[in-house]
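Residue numbers (the UniProt record's numbering), protein chains in the order written: chain A, 1 to 876; chain B, 1 to 106.
No lab work stands behind these hints, which were simulated from the structure alone.
Treat the hints with care, as some may be off.
Pairs of lysine to any residue, SDA-like flavour, derived with a Cα cap of 20 Å [to be verified]:
{"hint": "1", "chain 1": "A", "residue 1": "K11", "chain 2": "B", "residue 2": "G72"}
{"hint": "2", "chain 1": "A", "residue 1": "K42", "chain 2": "B", "residue 2": "A68"}
{"hint": "3", "chain 1": "A", "residue 1": "K223", "chain 2": "A", "residue 2": "P164"}
{"hint": "4", "chain 1": "B", "residue 1": "K56", "chain 2": "A", "residue 2": "L25"}
{"hint": "5", "chain 1": "A", "residue 1": "K8", "chain 2": "B", "residue 2": "G72"}
{"hint": "6", "chain 1": "A", "residue 1": "K543", "chain 2": "A", "residue 2": "Q683"}
{"hint": "7", "chain 1": "A", "residue 1": "K529", "chain 2": "A", "residue 2": "N365"}
For clarity, every value in this text was computed on a predicted model and none was experimentally measured.
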Amino acid sequence: MKPNHIQKPPKWATWLLHCLCADHLMEEMDGDLEELFYQRVKSVGVTKARFRYVIDVFSMLRPFAFKKKKNTYPQFTYTQPAMIRNNFKIAFRNLWKHKAFTFINVMGLTVGMSACFLIALYVHFELSYDGFNKKADRIYRLATDLKTTSETLNYSISSWAFGPNLKNEFEEVEAFTRISTRNYLVRKGDLKFKEEKTVFADSSLFNVFDFELIKGDPKTALKDQMSIVFTEKTAKKYFGDADPIGQTLLLGDEGIPATVTGVMKEAPANSQIKGDLFVSMSSYTQRFNKGVDTDWGNFGTTTYLLLNPGVKTEKLAAKFPPFLEKHAGQMMRENKMAITFVMEPLLDIYLHSKREAEESGSMNNVYIFSVVAIFILLIACINFINLTTARSAERAREVGVRKAVGAARSLLRRQFIIESVLLCTIAFVFSVVLSAISIPFFNDLSGKIISTGIADNPQFVACLFLAALLIGCLAGIYPAFVLSSFDPIVVLKGRFTMSAKGNLLRKGLVTVQFAVSIALIIATIVVYKQVNFMRSRDLGFSKDQMLVINGETDKKRNVFQESLLNISGVKSTAASTRVPGSKNNEAYSEIENARGEMQSGNLEVYSVDFNFLQQFDLKIIAGRAFSKAFGSDSSKALVINEAAARMLGYQSPQEAIGRKYKQWGRQGTIIGVVKDFHFKSLQENITPLTFRFLDFWNGDLVSVKIEGNHVRQTLASIEKEWKAQNPEKPFTYYFMDEYFDRQYRADERFERLFLDFAVLAIFISCLGLLGLASYSTMQRTKEIGVRKVMGASTGSIVGLLSKDFLKLVSLAFLIASPLAWFGMRKWLQNFAYQTDIEWWVFAVAAILSGTIAFATISFQSIKAAFMNPIKSLRSE
Amino acid sequence: MKGTYLGEFEEVVLLAAAILSGDAYGAAITNEIEQQMGRSVNLGAVHAALHRLEEKGLLSSRMGGATAERGGRSKRLFTVTMAGTRALDNIRDIRNRMWDNIPKPA
Chain A
1 MKPNHIQKPP KWATWLLHCL CADHLMEEMD GDLEELFYQR VKSVGVTKAR FRYVIDVFSM
61 LRPFAFKKKK NTYPQFTYTQ PAMIRNNFKI AFRNLWKHKA FTFINVMGLT VGMSACFLIA
121 LYVHFELSYD GFNKKADRIY RLATDLKTTS ETLNYSISSW AFGPNLKNEF EEVEAFTRIS
181 TRNYLVRKGD LKFKEEKTVF ADSSLFNVFD FELIKGDPKT ALKDQMSIVF TEKTAKKYFG
241 DADPIGQTLL LGDEGIPATV TGVMKEAPAN SQIKGDLFVS MSSYTQRFNK GVDTDWGNFG
301 TTTYLLLNPG VKTEKLAAKF PPFLEKHAGQ MMRENKMAIT FVMEPLLDIY LHSKREAEES
361 GSMNNVYIFS VVAIFILLIA CINFINLTTA RSAERAREVG VRKAVGAARS LLRRQFIIES
421 VLLCTIAFVF SVVLSAISIP FFNDLSGKII STGIADNPQF VACLFLAALL IGCLAGIYPA
481 FVLSSFDPIV VLKGRFTMSA KGNLLRKGLV TVQFAVSIAL IIATIVVYKQ VNFMRSRDLG
541 FSKDQMLVIN GETDKKRNVF QESLLNISGV KSTAASTRVP GSKNNEAYSE IENARGEMQS
601 GNLEVYSVDF NFLQQFDLKI IAGRAFSKAF GSDSSKALVI NEAAARMLGY QSPQEAIGRK
661 YKQWGRQGTI IGVVKDFHFK SLQENITPLT FRFLDFWNGD LVSVKIEGNH VRQTLASIEK
721 EWKAQNPEKP FTYYFMDEYF DRQYRADERF ERLFLDFAVL AIFISCLGLL GLASYSTMQR
781 TKEIGVRKVM GASTGSIVGL LSKDFLKLVS LAFLIASPLA WFGMRKWLQN FAYQTDIEWW
841 VFAVAAILSG TIAFATISFQ SIKAAFMNPI KSLRSE
Chain B
1 MKGTYLGEFE EVVLLAAAIL SGDAYGAAIT NEIEQQMGRS VNLGAVHAAL HRLEEKGLLS
61 SRMGGATAER GGRSKRLFTV TMAGTRALDN IRDIRNRMWD NIPKPA
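All chains, full assembly: derive it from the sequences and hints.
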């Protein structure tokens with residue numbers, strides 16, 4: 001007989017059986033197998049018996065063997081509805097029992113989630129710019145780089161001839177459309193409006209972009225000369241509820257009749273092309289009497305190309321230089337310039353294009369606000385984690401009892417996570433309500449119609465809900481693990497103390513919260529300082545009490561100006577094509593530089609009358625201003641600014657006087673140099689500028705300096721005069737200082753948003769601090785009682801309780817300051833003229849955050865300090 | 001309840017359980033069948049059949065005492081129920097009747 005130890009069935013087969021077989025069948029099967037095995041060992045030998053054993057094991061693995069039979073004792077399962085109900089019931093009771101805790105958490109999370117929600121709307125709005133166009137991925141803006149002898153100009157516009165010719169010559173181009181926006185006078189009977197968003201557009205506009213026509217055929221609407229499509233709102237303005245199709249309007253000063261061929265649905269707020277009134281491009285030809293399709297040198301339109309699917313832009317771009325050479329080569333050589341095409345994907349333009357775009361977003365702001373949103377949410381989550389773990393001693397006994405009764409750890413974890421998810425769900429409901437209420441304010445704040453209401457964005461609400469569940473789980477996980485880990489024996493014996501590790505973590509989290517808040521405070525102050533700096537900086541010209549009338553008064557302008565001087569409040573008047581702060585206008589110019597060569601380039605041009613320089617208090621630092629005493633001034637003289645003199649290489653402004661220039665068909669000499677003044681926003685540097693004398697036909701703007709006291713009366717008189725002389729035109733004007741302030745509106749908005757978020761962050765942080773402070777005072781009730789009995793003063797107790805927290809706030813300040821300083825320095829670099837980040841900014845932030853934190857804590861600690869010690873000593 | 005139809009193997013198992021009356025369990029039944037029929041039988045198949053028969057209510061089971069030969073494991077002892085006995089009688093009657101109906105060669 002073989003040794004005993006090998007007379008055993010193969011272990012692996014037994015193991016397999018154990019793995020797969022239902023427990024309640026295990027014993028008999030195992031027994032039967034073993035019994036048969038030993039019988040067989042005797043009858044057929046070990047090897048065969050083992051072989052049969054294995055066969056039997058495999059034959060045992062039948063469906064019936066896997067079936068779990070119901071245990072005699074009901075097996076506990078987590079998914080039983082009764083258990084889930086119980087979880088929720090207990091969670092509700094717990095939340096209800098600790099109302100203050102629940103309130104603080106729900107409030108913090110509500111505010112945090114609402115902030116996140118609004119920012120998500122904003123970010124989505126910014127990122128989805130022009131995304132409503134179905135063919136957006138195939139649409140490119142044909143931008144041009146214009147290289148002159150002195151500089152390269154990055155235009156977002158192109159010349160009229162590019163679009164049609166590209167379409168003709170390249171089969172890759174499926175369609176093109178050109179648009180050109182301008183102010184236009186529109187009349188219908190007595191109604192007359194200066195339509196600021198009048199857009200000349202090719203008939204392919206509706207093919208390339210997805211603007212929806214409510215009435216009219218998109219294919220033909222803009223085909224015929226003098227046909228008009230306008231938005232619903234504009235249609236209502238002129239025609240009320242009547243059907244506008246086929247009606248006639250008078251366009252422009254000349255009053256050319258135009259027929260309405262379509263009514264368009266308002267373009268989405270996040271569309272680059274904003275127009276109230278679209279006029280067929282073919283009318284442009286008629287209006288200006290030009291063959292626009294063959295005009296290669298006139299850069300006056302924005303061209304969009306729709307490429308065929310699958311076209312590689314690099315390959316197409318490679319074909320452009322020969323194309324340009326063929327058509328515009330001669331023109332380029334004559335004007336000493338080189339043109340390069342740049343195709344900008346439509347979807348990238350709004351956030352990424354660095355060209356002089358009409359309206360642009362900032363990817364930086366998108367990042368900044370996303371980070372801020374995440375931080376605010378983080379602060380709210382930290383509150384939750386902190387408060388829950390802080391309360392853990394209180395709940396330790398509960399955990400102990402539950403464990404002793406037989407609750408599994410996983411069940412306890414689930415209980416705590418359900419509690420936190422429930423809390424987040426409640427916060428979600430509140431935050432939907434809060435967001436719905438605050439959307440209009442937010443629109444106002446951001447200056448955009450980001451959302452018209454919560455119902456507009458169901459997918460966002462769904463996302464927010466998922467986020468709430470996720471936050472609930474994440475914020476609940478740490479407390480759940482900590483709480484469920486308590487040893488029931490220790491806890492129930494009453495020897496439980498909070499671990500030092502938990503305390504350290506809590507302190508760390510409070511520090512992070514306050515660091516974020518303090519950084520936001522510093523940022524707010526710096527942004528405020530910068531905006532204020534720009535608003536109060538001496539711009540180098542006078543803008544107060546200056547009224548600018550949008551004239552286009554043509555030849556009658558002189559008469560109008562004369563008549564204004566008779567009004568008592570009017571000091572002086574001046575006419576010009578541009579005023580400081582208005583859109584730029586560049587002209588190709590050649591000016592003699594310090595080496596005596598003619599230097600060419602595009603320079604800013606102001607066409608002005610005799611009075612202009614004086615009217616705006618511009619200082620002449622060399623030569624003289626335009627003067628009636630010199631007859632040739634009106635046709636030959638040029639005044640430049642310091643920056644232009646510097647660009648031309650003159651050591652002193654004096655050197656520039658008497659030098660030759662050529663510009664826009666005029667030539668002559670420089671007669672004066674004007675001291676640099678900020679004619680653009682302070683975000684930009686002062687660039688070279690030229691003043692030439694106004695041609696009799698192009699003085700668009702009349703600026704009027706008025707005297708202090710009776711502004712309203714003066715304004716009324718001016719308007720009366722205007723109406724008397726120009727009955728067919730509306731009276732449009734603005735005050736220069738207001739207009740100038742408008743340039744900083746985007747920054748002011750930034751400031752406001754930052755301020756609001758900083759307040760939110762501080763608020764949520766303080767909520768958390770309040771919770772922690774109240775908890776720690778509660779825990780130290782007995783200590784405080786003893787101290788008071790021994791004769792401690794109220795002040796010393798307040799100090800005792802506040803000290804710990806104030807230390808954390810100080811630490812947070814130390815962490816936040818350098819980060820904020822670094823971040824804000826980067827932000828300031830966006831501006832050509834920047835304010836400094838002075839030390840007091842940090843001092844203010846420190847004092848502010850310290851005070852707020854102290855106020856929050858002392859609210860609790862003073863209460864504790866005033867408590868009757870007898871009461872507190874009895875409490876335990 | 002499942003149909004009372006008995007498969008061939010089920011019938012054999014039921015019969016073996018009846019033969020072993022009171023001491024019928026997996027291994028014993030396997031042995032009994034092997035001896036009676038002279039063919040080797042899978043323990044798994046026997047268990048499956050026993051399981052089904054119990055579900056049909058033809059067998060009832062209880063856990064018996066542990067024995068040394070099974071490494072200290074107890075056996076599940078099966079008894080034929082009334083329904084089981086009736087089912088066996090039924091089959092036997094049918095078979096007999098059918099035998100009787102075979103026309104005798106003249």
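Now the hints, each set against the structure:
1. A/K11 - B/G72: 17 Å, holds
2. A/K42 - B/A68: The hint holds at about 16 Å.
3. A/K223 - A/P164: Judged against 20 Å, a Cα distance of about 15 Å means the pair holds.
4. B/K56 - A/L25: Roughly 18 Å between the alpha carbons, so the hint for B/K56 and A/L25 holds.
5. A/K8 - B/G72: Satisfied, since the Cα-Cα distance of roughly 15 Å is no more than 20 Å.
6. A/K543 - A/Q683: 18 Å, holds
7. A/K529 - A/N365: 18 Å, holds
Consistency note: the structure conflicts with none of the earlier hints.
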